[in-house]
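These are the residues of each chain, in order.
Protein chains: 2
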Amino acid sequence: MIDCSPGFETSPWELRWCGLDLEAMHRTESIFALSNGHLGLRGTFEEGEPVGLPGTYLNGFYEKRRLPYAEAGYGYPEVGQTIVNVTDGKIIRLFVEDEPMDMRYGKCLEHERTLDFRSGTLRRNTVWSSPTGRVVRIRSERLVSFTDRAVAAIRYEVEPLDGDLDLVVQSDLLANEPVPIPGGDPRLAAALEQPLVADFAAAHDLSAVLAHHTRRSELRMAAGMDHELEVSATPRCSVRVEDDLARVTIAADVPGGQRLRLTKFLGYGWSSRRSTPALRAQVEAALAAGMETGWDALLRRQRDYLDQFWATADVEIDGDPELQQAVRFALFHVLQAGARGESRAIPAKGLTGPGYDGHAFWDTETFVLPVLTCTVPLAAGQALRWRHSTLDLARRRARELGQSGAMFPWRSINGEEGSGYWPTGTAAVHVNADIADATARYLAATQDEEFETDCGVELLVETARLWAGLGHHNSSGVFRIDGVTGPDEYSALADNNVFTNLMAQRNLREAAAACARRPDMAGKLGVEPDEIARWRDGADRMAVPYNDKLGVHEQSEGFTRYARWDFAATAPTSYPLLLNYPYFELYRKQVIKQADLTLAMYLCPTAFTADQKARNFDYYDALTVRDSSLSACTQAVLAAEVGHLSLAFDYFVEAAFTDLHDLHHNVAHGLHIASLAGTWLCCVGGFGGMRDCGDTLIFAPRLPDQLDRLSFRMAWRGRRIRVEITAESAEYALLEGDSLELTHHGRDFTLAEQPVTLPIPRLSSRPAPEVPHGRRPYRRL
Amino acid sequence: MIDCSPGFETSPWELRWCGLDLEAMHRTESIFALSNGHLGLRGTFEEGEPVGLPGTYLNGFYEKRRLPYAEAGYGYPEVGQTIVNVTDGKIIRLFVEDEPMDMRYGKCLEHERTLDFRSGTLRRNTVWSSPTGRVVRIRSERLVSFTDRAVAAIRYEVEPLDGDLDLVVQSDLLANEPVPIPGGDPRLAAALEQPLVADFAAAHDLSAVLAHHTRRSELRMAAGMDHELEVSATPRCSVRVEDDLARVTIAADVPGGQRLRLTKFLGYGWSSRRSTPALRAQVEAALAAGMETGWDALLRRQRDYLDQFWATADVEIDGDPELQQAVRFALFHVLQAGARGESRAIPAKGLTGPGYDGHAFWDTETFVLPVLTCTVPLAAGQALRWRHSTLDLARRRARELGQSGAMFPWRSINGEEGSGYWPTGTAAVHVNADIADATARYLAATQDEEFETDCGVELLVETARLWAGLGHHNSSGVFRIDGVTGPDEYSALADNNVFTNLMAQRNLREAAAACARRPDMAGKLGVEPDEIARWRDGADRMAVPYNDKLGVHEQSEGFTRYARWDFAATAPTSYPLLLNYPYFELYRKQVIKQADLTLAMYLCPTAFTADQKARNFDYYDALTVRDSSLSACTQAVLAAEVGHLSLAFDYFVEAAFTDLHDLHHNVAHGLHIASLAGTWLCCVGGFGGMRDCGDTLIFAPRLPDQLDRLSFRMAWRGRRIRVEITAESAEYALLEGDSLELTHHGRDFTLAEQPVTLPIPRLSSRPAPEVPHGRRPYRRL
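Taken in order, these protein sequences are the chains called A and G.
By the UniProt record's numbering, the letter at position 453 of the first sequence is numbered 453, and the numbering carries on one by one without gaps.
By the UniProt record's numbering, the letter at position 620 of the second sequence is numbered 620, and the numbering carries on one by one without gaps.
Hints are supplied without guarantee of correctness; some may be wrong.
What the hints assert, rightly or not - With the Cβ distance kept under 7 Å, some of the chain A side facing chain G (calculated, not the full set):
1) Phe-8
2) Val-79
3) Arg-399
4) Leu-401
5) Gly-402
6) Ser-404
7) Gly-469
8) Pro-519
9) Arg-561
10) Leu-579
11) Tyr-581
To be verified - Part of the chain A face toward chain G, derived, beta carbon under 7 Å:
12) Glu-416
13) Gly-420
14) Asp-495
15) Phe-584
16) Cys-604
In case anyone wonders, no lab produced these hints; they're calculated from the structure.
Quick reminder that beta carbons are idealized off the backbone N, C-alpha and C, glycines included.
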């Protein structure tokens with residue numbers, strides 16, 4: 001029998017789950033998902049069942065759904081988008097002497113699955129005894145190729161452990177697989193039950209292709225499989241296809257001690273424009289290339305790709321092996337979400353599950369792209385190119401809502417607004433400044449002129465135009481932005497939200513700077529000097545409400561005058577509050593779902609003095625309940641900046657284990673990619689004190705007592721650098737590229753070939769703020 | 001042929017439509033609706049077709065419908081209610097020599113319909129020539145009895161005008177009549193198509209009964225008919241019933257110059273508790289009583305009832321016959337909406353159409369009950385008893401939303417919240433203060449101790465408790481009410497809305513006063529002296545935001561800092577704005593849908609100085625677009641108070657003709673009962689300057705140049721008085737009851753048997769404010 005209790009094992013470069021726990025299946029399927037940002041496979045078992053939530057996703061491939069309203073309103077989106085579980089190619093069913101291999105039956109004698117962060121594969125090792133006592137070992141390894149984005153592959157081996165066995169293996173492509181519908185929602189069911197309409201099916205030898213399209217969104221896709229079989233006995237092979245199923249069947253009598261090894265190659269493609277024959281050809285070409293490359297070479301390319309990634313992106317932690325693992329797990333999944341999206345969005349859940357309907361939000365620009373910009377800059381640029389490709393839709397949306405410039409959607413797959421609740425959807429216009437911020441940050445970090453020409457200037461200009469129209473000067477000349485919603489979704493439709501206003505200010509200034517830098521582009525976009533002057537003026541006179549009496553900024557105008565939420569009277573079971581209190585009550589009280597002003601202090605660090613940051617952090621931290629996974633990382637970063645290192649560590653732990661320990665009880669529907677990215681932000685922005693929103697990279701490293709050493713790498717303007725932090729000092733090393741100017745705790749220095757070691761100034765201790773009653777950061781047992 | 005162009009004719013005591021205009025049918029059906037507040041019949045033709053929107057309504061009889069949301073939220077109501085078109089008993093079909101009488105065919109030689117405000121009947125006189133040229137005169141008269149609330153009756157006469165004619169008359173009860181579904185909404189259709197399930201059908205002689213129940217709300221109803229037939233020839237009569245149809249058929253050969261007269265008696269009943277046999281018995285008893293009373297006596301009782309009503313409620317206008325008619329039309333429909341509701345709501349559309357799903361809103365308490373309180377006090381008391389009967393639901397709703405006391409629904413038929421858009425639904429908590437205001441106003445006007453004991457104190461206490469919990473003291477001790485929505489639905493979720501805060505203040509004080517007056521009731525309700533002290537304190541320290549710079553109150557905190565709506569750039573076709581702009585844009589600008597602060601100045605007159613009222617009125621009038629029919633009357637009242645008499649007259653005209661001239665293009669779905677009530681408010685509150693929110697009735701009469709004389713009557717504490725206003729003076733007369741103290745333009749006087757004539761002080765003229773570009777008050781051609 002299995003000799004370990006089910007759960008994750010700690011290891012620096014892999015995530016291993018040892019033992020069988022069917023209850024945990026839903027979340028392990030998300031955690032063990034493989035993806036390259038274009039194609040995603042949830043970590044389901046090859047046998048197809050037992051399964052929590054089957055999932056095979058193609059980035060950008062969605063079905064439409066009707067968005068209904070009890071009371072209609074002008075400008076409400078009527079059609080939403082929802083990610084589709086496409087044709088499943090992961091399935092390899094096994095029959096042992098006529099008994100289906102199903103881990104719910106028989107006995108599982110060994111079982112282990114390993115997600116390897118360096119090989120980029122998911123491995124499995126299972127020893128199973130059938131209900132009648134026949135024992136087999138099953139090993140599998142699968143990958144979704146980072147280098148060949150249309151290709152995935154699975155190596156599957158079966159070994160009889162107690163003498164000869166009759167084995168039958170069925171390798172499937174299965175379309176319209178039944179999926180559980182969240183909340184039993186009948187409207188969602190209407191969109192998601194049998195979403196694929198069969199267009200074409202063909203098979204020969206050990207290969208097959210199925211082509212389908214979606215009923216309403218009319219997107220076309222094709223999936224293909226081909227196989228290599230190694231078995232000592234002479235197998236009996238057949239293949240057949242139906243509309244929604246292609247099946248290769250292999251029957252073999254395998255002698256004890258021998259094994260059957262099947263290598264399955266998968267190719268996927270989709271398009272809104274290309275025909276079914278073209279898609280079929282595309283998939284068959286991908287398969288042919290994958291077969292030609294072969295399993296071993298695919299593995300090698302995968303490892304090379306990851307070696308490069310880690311050389312730029314690795315974070316090392318001494319003193320907490322679990323955290324070391326969690327941080328690499330996080331980086332691995334951020335890479336998987338963004339690596340090869342190529343002009344598609346990076347959804348909030350990546351391609352790990354159907355949560356949030358597969359939509360992308362502001363999370364991408366604010367949490368994920370800052371990480372990718374410093375680790376896989378190309379991927380960050382591609383994600384911003386996706387935004388740019390939706391600019392016409394955003395301009396149309398702005399016109400529809402009576403605004404200037406562009407209004408990007410709050411949530412979307414295809415660029416159209418998909419939010420069905422406008423007060424924290426459409427009204428959360430900060431998404432536009434967030435996109436501009438990510439654009440400016442990317443430009444500063446990469447100096448990618450092609451991107452600037454193709455996309456960057458236009459993104460900055462069109463978002464700046466929105467702010468110029470949205471704000472207005474009051475009678476004292478202050479530039480106000482009224483009636484918008486900031487990041488904190490427990491407030492809505494507020495005036496002069498500091499986060500929004502400061503981000504808009506940055507947006508206006510970056511647009512003005514871009515136009516000054518690129519007068520050619522400015523001319524093309526019809527930007528006149530008067531318009532730029534208005535942007536500068538709006539930015540300079542931006543309202544930033546401050547409560548003199550309390551000595552803190554106001555999250556938005558009047559916020560500090562609201563009644564404080566009664567945290568002491570709120571039971572732990574009442575969280576997340578939005579499931580137990582009406583918005584009516586939440587909006588009118590001082591209670592914060594997720595960092596808002598605190599996030600402004602991170603993203604616009606120069607808009608606050610150190611004293612203000614300290615007072616603001618303490619004031620707002622005591623109100624922030626972290627009902628969103630986007631909060632802990634920001635709180636960690638600012639806690640570190642204002643000197644609460646132990647609290648920063650606690651928030652870091654919460655961010656790092658959000659998915660691994662399923663802190664929000666919804667990992668089954670997919671990982672929180674932004675929170676995973678936030679884990680990196682905790683290390684680099686938090687304990688590294690890195691700020692990259694200007695022309696110089698700034699560091700202010702400081703280690704919490706709980707860690708012995710923290711080292712991270714990053715890319716910046718063609719360099720690669722490493723920063724290694726201990727309690728006393730930080731060592732900066734240039735791994736690649738020309739020397740550059742950096743700042744360490746306010747002191748400028750030049751980093752050239754020789755590493756530079758600088759002392760870390762002592763911290764004068766300050767008592768940490770009280771966190772809301774019952775909402776202490778997560779602590780591991 | 002008809003010798004008048006189709007349209008209304010002016011007449012002081014009736015509304016006559018002369019000529020045939022099938023295009024106008026939808027709205028005339030609403031305008032000619034008959035109702036006693038319990039049973040309502042739309043003014044459709046007896047023949048059943050042509051028809052705009054068939055409608056027979058029983059107050060409180062509804063079907064449930066699902067309220068869907070694109071994104072769900074805590075506390076959102078999931079089940080809504082919608083008024084049902086019940087079994088139609090109005091139908092009397094006629095066949096003339098085998099040709100169906102249908103005004104779309106043949107020729108209409110004469111056609112006239114008259115709603116008589118004194119007889120309380122709808123009369124019709126039609127001369128019709130069939131396609132083959134046979135000519136008949138059809139006269140009908142119908143009533144819904146004010147005295148016998150379950151009974152309606154129709155007298156129907158056919159007279160051959162060109163020799164003998166074979167006539168067939170079919171008198172029907174028809175259930176599940178097809179109705180057009182607004183906007184083709186499939187969810188509404190699901191609730192409203194075939195809403196009635198047949199339970200029972202029986203017939204004998206010329207009578208029949210059908211009993212049904214609703215599918216989801218499980219309410220039961222029965223409708224019965226019986227007939228008296230007068231015809232010289234020997235008729236051939238038969239009756240038959242099916243599940244959804246009962247039909248009495250009369251065939252007779254009527255000689256020229258003779259006539260066939262059918263008197264149809266209808267009885268209706270519904271219940272959520274009584275069984276089908278009990279309902280059948282109830283309906284048959286009502287029918288028997290109606291038949292026993294007989295047509296002539298029913299007519300007489302109807303006239304007596306109305307004579308009494310007009311003796312208390314009549315308004316006379318000299319100098320504008322159209323307005324005279326419009327005001328009586330308005331009063332007649334207000335009476336019809338409220339007369340015999342008897343512990344049911346008064347819906348926004350009365351029982352004249354299916355608009356707003358048949359829901360009641362705050363309109364009832366704020367606009368309709370002030371009129372009924374002074375004209376049919378019993379009906380006002382009954383409507384408040386309905387609110388009281390829903391108190392348990394309101395308490396439960398308050399608990400659900402984390403509030404104290406009671407939270408009444410924004411819209412409802414049965415007392416449960418039916419609003420599917422919370423920012424201007426649930427968040428418009430002022431409805432609770434409006435109910436308290438109507439309660440206090442009713443108590444002051446009637447001194448109805450039984451009501452006070454049964455309902456009044458409890459209504460005041462439970463609503464006061466809501467405010468005590470909803471508000472909070474800020475650090476300077478000011479009592480704030482944050483994040484609520486006032487009457488103006490182009491603003492939402494604002495802080496310290498002046499209307500809400502002042503109405504809450506009144507609510508808290510009235511509750512405290514009621515508890516002081518009735519310690520027995522206070523004790524029963526568990527009100528401790530401490531609680532009362534908190535109410536008084538909250539009221540005394542209530543926040544009432546004021547902009548010192550502009551010298552005006554703020555509609556809500558910060559409102560005057562918003563950008564002003566660009567009225568000049570708004571096309572006339574862009575109104576109502578809510579159909580052409582998103583809430584996002586409306587909420588963040590200075591633009592007002594309907595009187596808000598101006599309504600506060602009317603309902604809480606002592607909270608403002610005369611100067612403040614004048615400045616506030618001018619400031620806010622220039623922002624108010626009147627996209628709601630609830631606005632013009634309030635603006636008229638305040639315009640009169642601050643001395644803009646000509647503007648007041650214009651708003652009065654707009655209010656008076658809102659339905660008759662279909663100014664909001666939706667009269668087809670029912671009349672705007674609150675706006676009709678507002679017509680009375682214009683006369684009495686506006687030009688009469690009457691204020692009844694204290695212990696003394698206050699008047700400040702002043703006539704606009706456009707009128708020669710205005711006289712109105714009202715009831716107050718057992719008295720009936722008449723006030724007659726001319727340009728120079730006002731005469732006060734006591735028509736019934738003991739002498740009383742009144743105030744005339746700030747001067748107290750005693751009104752006893754002798755009429756008192758007092759001069760009207762001269763008005764110093766002041767320029768009227770500019771109304772929003774393109775939104776001048778309605779003017780008649």
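Hints and how they fare:
Because the beta carbon of Phe-8 (chain A) sits about 33 Å from the nearest beta carbon in chain G, more than 7 Å, this interface hint is broken. Interface restraint check: Val-79 (chain A) against chain G, minimum CB-CB distance 10 Å, threshold 7 Å, status violated. Annotation: interface hint on Arg-399 (chain A) violated; nearest CB of chain G at approximately 12 Å, more than 7 Å. Here the hint on Leu-401 (chain A) is kept, as its CB sits about 5 Å from the closest CB of chain G, short of 7 Å.
Contact between Gly-402 (chain A) and chain G, as hinted, is supported at the beta carbon level, the nearest pair being about 5 Å apart and thus within 7 Å. For Ser-404 (chain A), the interface hint is violated, the least distance from its beta-carbon to any beta-carbon of chain G being 12 Å, above 7 Å. Residue-level restraint check for Gly-469 (chain A) is violated (minimum Cβ-Cβ distance to chain G is 10 Å; threshold 7 Å). Hint status for Pro-519 (chain A): violated, given a least beta-carbon distance of 31 Å to chain G, over 7 Å.
A least Cβ separation of about 5 Å between Arg-561 (chain A) and chain G falls short of the 7 Å threshold, and the interface hint therefore holds. Using the Cβ-Cβ criterion of 7 Å, the hint placing Leu-579 (chain A) at the interface with chain G is satisfied: the shortest such distance is roughly 6 Å. Using the Cβ-Cβ criterion of 7 Å, the hint placing Tyr-581 (chain A) at the interface with chain G is satisfied: the shortest such distance is roughly 6 Å. Annotation: Glu-416 (chain A) was flagged as interfacial toward chain G, and the flag is violated, the nearest CB pair being 14 Å apart, outside 7 Å.
Taking 7 Å as the C-beta contact cut-off toward chain G, the hint placing Gly-420 (chain A) at the interface holds, the least distance being around 2 Å. Contact between Asp-495 (chain A) and chain G, as hinted, is supported at the beta carbon level, the nearest pair being about 6 Å apart and thus within 7 Å. Against a cut-off of 7 Å between C-beta atoms, the interface hint on Phe-584 (chain A) holds, since the closest Cβ of chain G lies about 5 Å away. For the restraint placing Cys-604 (chain A) at the interface with chain G, the shortest Cβ-Cβ distance is roughly 23 Å, beyond the 7 Å limit, so the hint is violated.
Against the hints set out earlier in the document, violations occur for numbers 1, 2, 3, 6, 7, 8, 12 and 16.
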